Amino acid sequence: MQVVNVTVVLLGYPAGQQLQVPDRSFYQQLFFNQYDGLAAYWLKQTDNQVLFDGQVIEWAWINDPSPNLAQRRDVINAAISDMESDRGISFASTDVVIVVLGAPANVPSDGGSTIANSLFRTHHGIVARVGDRFDFFAHELGHSLGLHIRLAITRSNKPGPRMANTVTPIAS
1 MQVVNVTVVL
11 LGYPAGQQLQ
21 VPDRSFYQQL
31 FFNQYDGLAA
41 YWLKQTDNQV
51 LFDGQVIEWA
61 WINDPSPNLA
71 QRRDVINAAI
81 SDMESDRGIS
91 FASTDVVIVV
101 LGAPANVPSD
111 GGSTIANSLF
121 RTHHGIVARV
131 GDRFDFFAHE
141 LGHSLGLHIR
151 LAITRSNKPG
161 PRMANTVTPI
171 AS
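Its first residue numbered 1, the sequence shown is counted upward by one per residue in my numbering.
Just so you know, these hints were derived from the structure itself, not from any lab.
Everything numeric in this text was worked out from a predicted model, so none of it was measured.
A couple of the hints might just be wrong.
[What the hints assert, rightly or not] If you anchor each label on the Cβ, the simulated ranges turn out as follows:
no., residue 1, residue 2, range
1, 106, 81, 25 to 31 Å
2, 66, 132, 19 to 25 Å
3, 87, 130, 16 to 22 Å
4, 48, 88, 30 to 36 Å
5, 119, 45, 29 to 35 Å
6, 71, 46, 30 to 36 Å
7, 142, 64, 29 to 35 Å
8, 78, 134, 25 to 31 Å
Even glycine gets a Cβ: it sits at the ideal position worked out from N, Cα and C.
Work out the full structure: start from the sequences and follow the hints.
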């Protein structure tokens, strides 16, 4: 069984507002519970060949009234650097780094997969926001396994009870 080591960084940018965010244990369950979390999902999808395991780092709050979260690679690399220097976190054994942003809705961010760098290695990185759905994380973790999913959406305006949309995987 392949074990993929994941570190989840919870990073809050209140930008002068009061934010309600899930606690660390919520994300521990979401990512690493082997019965109904993302770990369980990928165990099932891979016929028990891939296990996501790791840690969730407690919320870090950044006092920036106007954060720039528009470039996911910059956001994740800054988060890793801050965790290494301020908290002494080592990412040496981490395969995937996930940064979950807690920020007001009016602060734009760029979520998805990217490359991330720590002091000692390169990682697959994912930037997300509080409230992103299970299927978003499942999809992005699939990229960390090397799955590159491209989809075509076909819209049909043919007469009938309702318009249909079909999503079809495209071979890469």
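Consistency of the hints with the structure:
1. 106 with 81: 25 to 31 Å: holds, 26 Å
2. 66 with 132: 19 to 25 Å: holds, 22 Å
3. 87 with 130: 16 to 22 Å: With a Cβ separation near 20 Å, residue 87 and residue 130 satisfy 16 to 22 Å, so the hint holds.
4. 48 with 88: 30 to 36 Å: Holds - the Cβ-Cβ distance for residue 48 and residue 88, about 34 Å, lies within 30 to 36 Å.
5. 119 with 45: 29 to 35 Å: This hint holds: roughly 32 Å between Cβ atoms.
6. 71 with 46: 30 to 36 Å: holds, 31 Å
7. 142 with 64: 29 to 35 Å: holds, 32 Å
8. 78 with 134: 25 to 31 Å: About 26 Å separates the Cβ atoms of residue 78 and residue 134, which means 25 to 31 Å holds.
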